[in-house]
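Asks: Line order of the protein sequences matches chains A and B.
Residue numbers for the first sequence follow the numbering used here, so the first one is 1 and each next one is one higher.
Residue numbers for the second sequence follow the numbering used here, so the first one is 290 and each next one is one higher.
Incorrect hints may appear among the rest.
Straight-line distance between alpha carbons at most 20 Å, and here's what the computed DMTMM-like set of lysine to aspartate or glutamate pairs gives [claimed, not checked]:
{"#": "1", "chain 1": "A", "residue 1": "Lys243", "chain 2": "B", "residue 2": "Glu531"}
{"#": "2", "chain 1": "A", "residue 1": "Lys243", "chain 2": "B", "residue 2": "Glu533"}
{"#": "3", "chain 1": "A", "residue 1": "Lys167", "chain 2": "B", "residue 2": "Asp665"}
{"#": "4", "chain 1": "B", "residue 1": "Lys435", "chain 2": "B", "residue 2": "Asp404"}
Cβ-to-Cβ under 10 Å is the rule here; a few derived chain B residues that face chain A [claimed, not checked]:
{"#": "5", "residue": "Ser354"}
{"#": "6", "residue": "Asp439"}
{"#": "7", "residue": "Ser483"}
{"#": "8", "residue": "Asn553"}
{"#": "9", "residue": "Thr561"}
{"#": "10", "residue": "Asn606"}
{"#": "11", "residue": "Ile607"}
{"#": "12", "residue": "Ala639"}
{"#": "13", "residue": "Thr641"}
{"#": "14", "residue": "Asn642"}
{"#": "15", "residue": "Glu645"}
{"#": "16", "residue": "Ser662"}
Calculated from the structure, these hints are not laboratory results.
Note that the Cβ used here is the ideal one computed from N, Cα and C, for glycine as well.
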Amino acid sequence: MSILIDEDTRLLVQGITGDTGAFHTKLMLEYGTNVVAGSTPGKGGREVEGVPVFNTVDTAVEETGADVSVVYVPPAFAADAVMESADAGVDLVIAITEGIPVQDMIELKSFLGDRDVDFVGPNCPGVITPGECKIGIMPGSIHEPGNVGIISRSGTLTYEAVDQTTKLGLGQSTCVGIGGDPINGLDYIDCLEMFENDDDTNGVIMIGEIGGTAEQEAAAWIDENMSKPVAGFIAGSTAPPGKQMGHAGAIISGGSGTAEAKQSALREAGITVATSPAKIGDAMVEALD
Amino acid sequence: MNIHEYQAKKLFSEYGISVPDGKVAFSVDEAVDAAKSLDSDVYVVKAQIHAGGRGKAGGVQIAESVDEVRRHADELLGSQLVTHQTGPEGQTVRRLYIESGVDIADELYLSFVVDRAREGVVVMASTEGGVDIEAVADETPEKIHKVLADKRVGLAPYQARKLAFDLGLEGKTAFQAASMIGTLYELFTDKDCSLAEINPLVVTGSGEVIALDGKLNFDDNALFRHEDISDLRDESEEDELELEAKKHGLSYVNLDGNIGCMVNGAGLAMSTMDIIKQYGGEPANFLDVGGGADTDAVAAAFKIITSDPRVQGIFINIFGGIMQCDVIAEGVVNAVDQVGLKVPLVVRLAGTNAKEGRQVLDETDLDIVSADSMADGAEKIIDIVGVNAD
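Please take these sequences and the hints and turn them into a complete structure.
Replies: So this is what it looks like as structure tokens:
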């Protein structure tokens with residue numbers, strides 16, 4: 001088992017004819033992901049890497065039975081792309097796109113409302129269940145099937161955690177990049193709950209960063225509900241207040257959202273906190289012990 | 290993106306939000322002419338810089354005659370204004386706003402922000418205007434009234450009225466305030482604002498509601514659909530290197546240390562700063578080259594880092610995903626060809642095309658120290674920079 005995606009996942013790539021979409025379609029296919037369809041409005045009828053391209057997601061789903069969609073569409077059109085997939089009836093939409101306007105996200109979240117669809121991202125590396133299915137932009141080769149679940153707001157920092165857990169022989173059940181934007185889809189708690197109920201996951205690493213209070217809320221949830229060990233890391237202890245550190249969501253404002261506040265919330269919930277980004281894997285080993 | 294008070298007030302005016310009469314001035318003579326053109330006995334001379342806290346720092350002066358306007362304008366223009374938001378070096382005053390004085394009976398506070406947890410626009414109002422609102426939130430949170438705009442309907446008129454009555458306003462003043470709140474919500478959503486603040490919002494002696502100050506921030510990601518707003522950008526208010534970085538699609542924040550960092554991904558870039566500090570070094574910057582950078586952008590990033598005179602060593606930490614390590618390597622080699630390499634360079638490449646990237650670097654005769662992990666790289670650069678400093 002795993003969470004969100006597995007070897008049976010049938011993937012649709014939105015924006016498949018763009019440079020990024022085409023490049024990563026190739027890498028996902030090489031990894032063994034079952035890419036069944038692509039979509040780009042006005043480019044239906046073509047093929048990219050042997051994958052048929054459709055004008056609309058609706059037709060793509062109808063013709064190919066795609067059940068998960070990944071979005072590589074430019075920011076101005078990305079929210080619309082997610083809505084299109086949600087409406088076409090896929091189970092999960094993963095948005096890789098960085099730079100979607102906040103108001104588009106507010107509208108999108110309202111549109112998704114109580115529709116029966118999971119949404120991951122945006123501004124994220126995607127989701128991978130090692131050895132089965134890779135959806136997104138993460139380098140497949142550093143992953144190894146195993147029993148650690150990883151949840152992260154940061155892309156490349158997730159790769160660090162993956163690399164460390166692979167080298168320590170733990171491997172990963174599923175890694176979920178929830179994205180670095182202030183308003184996003186699945187949050188820590190949603191993913192923690194899935195990992196808690198996943199037989200293949202023995203422990204979870206959550207990687208957070210400065211800005212907002214999502215990590216504190218997750219810590220409170222873990223304290224109440226989580227039986228599996230959790231290790232954590234928070235990036236940005238040296239970030240100056242008031243400055244946006246790359247991610248739209250990573251900004252310390254008015255004393256809230258600091259790395260220190262988050263680290264202590266995690267510790268109070270019994271989470272093993274890695275003090276260095278080089279020791280995330282070690283923290284997981286310690287928590288599992 | 291941030292704009293000046295006078296620009297925000299012009300937008301307010303266009304939407305029908307009452308503001309005092311005023312004119313922008315770039316010189317002392319313009320300030321005097323502006324004052325002469327205003328129908329008023331009392332003037333306010335306001336320094337236009339992007340940082341807050343101008344009043345306390347002496348950047349807002351009352352003048353009771355045109356001569357006084359001249360004196361204040363002469364003092365302020367070209368001076369360095371140091372507020373709690375500018376840093377110790379302050380910000381040069383290049384523009385003034387000359388305004389008619391207002392008969393103030395009461396000072397209130399009004400702001401709009403995007404609440405990330407509630408995923409919508411929150412409107413905050415308080416009777417405690419003209420002061421530091423964060424202190425009010427800390428000490429007397431009951432004095433801050435909040436409503437959340439509905440994601441589909443927007444801010445309903447009853448919500449705006451509720452805030453007006455919560456502020457203790459009555460009669461036509463309350464309805465005027467409610468209407469202003471509704472209008473500001475329209476402006477906020479029309480223009481993709483990330484923050485709108487009127488502090489103070491004043492009630493005049495005759496019961497009129499006027500925006501005495503105005504601050505608007507905009508969502509950078511939405512500027513592509515607001516050319517009118519992008520045009521308001523005042524580049525002289527921004528850090529030169531940060532601005533140059535933005536032009537190349539890089540996120541860069543200038544810091545005080547001596548180790549330049551080039552990293553892909555915001556989380557890894559922050560962690561790289563963290564680990565450098567942990568090993569006893571000081572990062573000179575935050576720099577995320579992003580996922581879509583080409584060799585030109587990487588070369589630009591390298592030049593930005595090396596143009597900071599404090600930089601005594603550079604640590605490039607790349608974990609390739611969407612970013613391919615060979616693109617980074619080629620960008621660095623291009624940049625070194627153009628500007629040379631005057632400081633030690635430690636490079637760690639992992640992930641997508643790491644092998645190809647290392648090959649590109651190996652084929653040059655550059656003196657590059659290679660590292661196999663982020664910790665290894667941080668240690669190596671600190672070792673070298675330490676040795677150099679001796």
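Asks: Hints first: check each against the structure and report whether it holds.
Replies: Hint-by-hint comparison with the structure:
no.: 1; hint: A:Lys243 x B:Glu531; verdict: holds, 11 Å
no.: 2; hint: A:Lys243 x B:Glu533; verdict: holds, 17 Å
no.: 3; hint: A:Lys167 x B:Asp665; verdict: holds, 15 Å
no.: 4; hint: B:Lys435 x B:Asp404; verdict: holds, 11 Å
no.: 5; hint: Ser354; verdict: violated, 38 Å
no.: 6; hint: Asp439; verdict: holds, 9 Å
no.: 7; hint: Ser483; verdict: holds, 7 Å
no.: 8; hint: Asn553; verdict: holds, 6 Å
no.: 9; hint: Thr561; verdict: holds, 8 Å
no.: 10; hint: Asn606; verdict: holds, 9 Å
no.: 11; hint: Ile607; verdict: holds, 8 Å
no.: 12; hint: Ala639; verdict: holds, 7 Å
no.: 13; hint: Thr641; verdict: holds, 5 Å
no.: 14; hint: Asn642; verdict: holds, 9 Å
no.: 15; hint: Glu645; verdict: violated, 13 Å
no.: 16; hint: Ser662; verdict: holds, 7 Å
The structure shown violates the earlier hints numbered 5 and 15.
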